[in-house]
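Taking the hints into account, I'd like the entire structure generated from these sequences.
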Amino acid sequence: MRNTRKASVAVAALATLALTLTACSSGGGGDTKSTSSAGTGVTIDDAHSVGAMADFKVGTTFKATEAIKPTLLYRDHPNYPIKSDWLILSALKTNQNVEFDRTDVPLADWDKKKALIIGAGDAPEIIPVTYPGQETQFVAGGSILPVSDYVQYMPNFEKKIKDWGLEAELDTHRQADGKYYILPGLREVPDVQYSVVVNDDMWQKAGITEDPATWDDFAADLKKVKEANPSIKYAMSDRWTDSTPLGAMLQYIAPNFNTNGGWGYSNTWFNTDSKKFELTGTTDAYKQLVTYATGLVSDGSLDPEITQSDDQAIQKFVTGQSAAISGNTQEITNYRTKAPSMKMHLIVLPGGPAGSNLAPGQLTAGVMISSKAKDDPHFKAILQFVDWLWFSDEGIEFAQWGVKDQTYTKDSSGKRTLEPTIGWNALNPDAPKKLNADFGFSNGVFMSANGSTKDLLQSVMSDEIKDWTNAVLAKSKVLPVAPAASLNESELEQTGLLDTQIKDAVYAATAKFITGQTPLSGWDDYVKQIDGLGAQQLIDTYNGALARTQG
Amino acid sequence: MVIETTAPDITAVSSSVAHVKPTRGVVAFRVANTVLLTAITLITIYPFINLVAKAFSSESYIAAGKVNLVPRGFNLATLDYVVGDSMFWINYKNTVVYTVVGTAVAMALTTTYAYALSRPQLKGRGFFTGIALFTMFFSGGLIPNYILVVNILHMRNSIWAVVLPGAISVFNLLVMKSFFENFPAELEEAAQLDGMSTYGVFFRIVLPLSKAVIATMVLFYAVSIWNSWFSAFLYLDKKELFPVTVYLRNLIAAATNSPDAVGSTDAVQIGANIQSVTMLLTVLPIVCLYPFIQKYFVSGVMLGSVKG
Numbered sequence: 001m002r003n004t005r006k007a008s009v010a011v012a013a014l015a016t017l018a019l020t021l022t023a024c025s026s027g028g029g030g031d032t033k034s035t036s037s038a039g040t041g042v043t044i045d046d047a048h049s050v051g052a053m054a055d056f057k058v059g060t061t062f063k064a065t066e067a068i069k070p071t072l073l074y075r076d077h078p079n080y081p082i083k084s085d086w087l088i089l090s091a092l093k094t095n096q097n098v099e100f101d102r103t104d105v106p107l108a109d110w111d112k113k114k115a116l117i118i119g120a121g122d123a124p125e126i127i128p129v130t131y132p133g134q135e136t137q138f139v140a141g142g143s144i145l146p147v148s149d150y151v152q153y154m155p156n157f158e159k160k161i162k163d164w165g166l167e168a169e170l171d172t173h174r175q176a177d178g179k180y181y182i183l184p185g186l187r188e189v190p191d192v193q194y195s196v197v198v199n200d201d202m203w204q205k206a207g208i209t210e211d212p213a214t215w216d217d218f219a220a221d222l223k224k225v226k227e228a229n230p231s232i233k234y235a236m237s238d239r240w241t242d243s244t245p246l247g248a249m250l251q252y253i254a255p256n257f258n259t260n261g262g263w264g265y266s267n268t269w270f271n272t273d274s275k276k277f278e279l280t281g282t283t284d285a286y287k288q289l290v291t292y293a294t295g296l297v298s299d300g301s302l303d304p305e306i307t308q309s310d311d312q313a314i315q316k317f318v319t320g321q322s323a324a325i326s327g328n329t330q331e332i333t334n335y336r337t338k339a340p341s342m343k344m345h346l347i348v349l350p351g352g353p354a355g356s357n358l359a360p361g362q363l364t365a366g367v368m369i370s371s372k373a374k375d376d377p378h379f380k381a382i383l384q385f386v387d388w389l390w391f392s393d394e395g396i397e398f399a400q401w402g403v404k405d406q407t408y409t410k411d412s413s414g415k416r417t418l419e420p421t422i423g424w425n426a427l428n429p430d431a432p433k434k435l436n437a438d439f440g441f442s443n444g445v446f447m448s449a450n451g452s453t454k455d456l457l458q459s460v461m462s463d464e465i466k467d468w469t470n471a472v473l474a475k476s477k478v479l480p481v482a483p484a485a486s487l488n489e490s491e492l493e494q495t496g497l498l499d500t501q502i503k504d505a506v507y508a509a510t511a512k513f514i515t516g517q518t519p520l521s522g523w524d525d526y527v528k529q530i531d532g533l534g535a536q537q538l539i540d541t542y543n544g545a546l547a548r549t550q551g
Numbered sequence: 001m002v003i004e005t006t007a008p009d010i011t012a013v014s015s016s017v018a019h020v021k022p023t024r025g026v027v028a029f030r031v032a033n034t035v036l037l038t039a040i041t042l043i044t045i046y047p048f049i050n051l052v053a054k055a056f057s058s059e060s061y062i063a064a065g066k067v068n069l070v071p072r073g074f075n076l077a078t079l080d081y082v083v084g085d086s087m088f089w090i091n092y093k094n095t096v097v098y099t100v101v102g103t104a105v106a107m108a109l110t111t112t113y114a115y116a117l118s119r120p121q122l123k124g125r126g127f128f129t130g131i132a133l134f135t136m137f138f139s140g141g142l143i144p145n146y147i148l149v150v151n152i153l154h155m156r157n158s159i160w161a162v163v164l165p166g167a168i169s170v171f172n173l174l175v176m177k178s179f180f181e182n183f184p185a186e187l188e189e190a191a192q193l194d195g196m197s198t199y200g201v202f203f204r205i206v207l208p209l210s211k212a213v214i215a216t217m218v219l220f221y222a223v224s225i226w227n228s229w230f231s232a233f234l235y236l237d238k239k240e241l242f243p244v245t246v247y248l249r250n251l252i253a254a255a256t257n258s259p260d261a262v263g264s265t266d267a268v269q270i271g272a273n274i275q276s277v278t279m280l281l282t283v284l285p286i287v288c289l290y291p292f293i294q295k296y297f298v299s300g301v302m303l304g305s306v307k308g
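If you read the sequences in order, they're chains Y and Z. The first sequence runs 1 to 551 under the working numbering. The second sequence runs 1 to 308 under the working numbering.
Fair warning: there could be bad hints in the mix.
Which chain Z residues face chain Y? A few, computed with CB under 10 Å, are given here [what the hints assert, rightly or not]:
hint, residue
1, E59
2, A63
3, G65
4, N151
5, R156
6, F233
7, L234
8, L236
9, F242
10, Y247
11, N250
12, I252
13, A272
Please keep in mind that the hints were generated in silico from the structure rather than gathered at the bench. Here a beta-carbon is modelled for each residue, glycine too, at the ideal position from N, C-alpha and C.
Here it is in structure tokens:
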């Protein structure tokens, strides 16, 4: 019985597919019903506009004209477990007429459950906390809405894309059909968080008071620090290295060598001179990067234990067995709680042979809408609501800071202050209540990238971090985004396998070079090994797609 | 006589070995054996003691790696904190309910199934054993299972989604089946002669005489349901329904690194001591179950394992 049912579903699916294919090949100009190409958009009829505002535009406060209850896939974070009486939920109900029908998913298995529930065709309408690129795996299944067809109903999103010049980066997320399936989180300025945290006392002992201007200076500093502090075995012992060798460190050094590495490693690097993609791991720039890291280890400055756990590395730093460790704007607070008496700071990112660069990328985790939403009578209202909460200035301020005069106050200069009884991160750290755990604001589900505007992002930073961020931004130039090359489904499948195996091989070889297991003289053999894994095929596919996309 | 020498009696040989005076080699072996086993026991116990120590230590001592066997910077604040979280107790209660109901359902199904399979007169016995065995080697896969449970059986967000799929463990079923097969047929015949029905024989004769295997199976099922989180994670969408294992997993697994989780303001910063207290409270009840069942334990598994 069930088998018959499955079989008939399969036949129906095949038939639909065949029909679609025919429609595509014969469609051309005449067929007005087929979804139009990206950009022109699809009109939502009145039957699916129940509760929507007639005049929703930038600056309008969204309020559904009748109560709506979209389904939401909620990522439950252990730092702020959800409570149904949170102010954010009641405020949205009162002011926006929106209430959620939630599916709670623990953070630990968020990606797994999300994939399962989408794969089973059971996805809730709003699916937040999805990084651009993660949506690709779901496109073929048809459960995710090609949201680019509907962005004309999302004025705030469109405006920020335009005002912040994010079109080129957004284009890289278009699928082979020319549409994008995710509303990424948007950042006004690139994300700078990571750098090296140094133990001030140990560095001063070596007579170093200024941050290094270049990574070579940094290497020299590490040597001096080790000499001046004979008690330490290595000047730097790094963390974030157990899944990817030196994941964080190579990532923040790489742009200064005009390449990518560590967590940010991607097999395809766009060469701006030849206007073609090439395999990152075998470029000269990547070799320079690896040579630099290898030098740190062979100098005895960097701990060759590059597969240690984070806890081990942190332990070495907070107990004074090392003088430097990778950190970020949040983690430095964590180190300080572990070593309250130690003085430390994040160094302003040094430059490299290719200048002072930052990796491009102003898109971050955002929202997917499921295809089912378009059959909801409240479809248009849901789109307007998502646009308001995640992308309007008013919505993101609300999601970050809460309700004015209830959780925070704002003076005439625009400076926001949390109520003294409420704390969040570095703000009022000793307050009895937390903005996220007790009220639901500053919640990664309801906002992306701390609100995305530079003003809002910096409004929650301590002065130290704000100064550091501004110093890095002022010093550095952002590398250009690689142009879009939309792979089609069969190409995606093919390159998926190649991509993973080449990436794994590059990581493994990188680790061996850095620890000295393989001498750098073995570089040519390594290049041959990578070529043998199908590097050329991968690159050719991307260059082919690039030519087609630019068409 | 001649025949006996050609086929030496193995039991006689092995029993005579026990009476031989231990040689130096045997003594050395025993000493080495004791030392080795003690070392293994210590290694096994150490993480648990370490967990207890961490549960009552302060965060800074743990971060510095100074906590081994004894709590440093002793405090009960962490315990207070975890115990004060109402969601922890709601989930804890769920675990108890799921375990009790799940074990009862599993035992009811496994004993009856195993007993039926163990009767030689059952027609199609091979087939019914076969379909159970089949599931040991083949499964529908994750998404088909999910669709079956959620969309066809409509068990999402109910205790049955946790309790019913996998209620019969084929391994346990087979152990039980061979236990019942070795059950003296005379006892059942006698009961039948006295006028007992099949159910009467099963409930009044077979089960009361199978306490060892039943206790063992109860332990197997209870421990596996207590520790399981996967089906709850798949089929339950409301926090109030989660078992405590999902709660615990969220505290611990989420804190492991991924580039996405760290670095954002959403980086998980759950203290090692909070994790330890939660783990301790979670394992405690099931650990307490062992001493009561252990006496049945070894004999229970062995009884079914060798066919006499």
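- Which numbered hints are broken by the structure, listed smallest first? none
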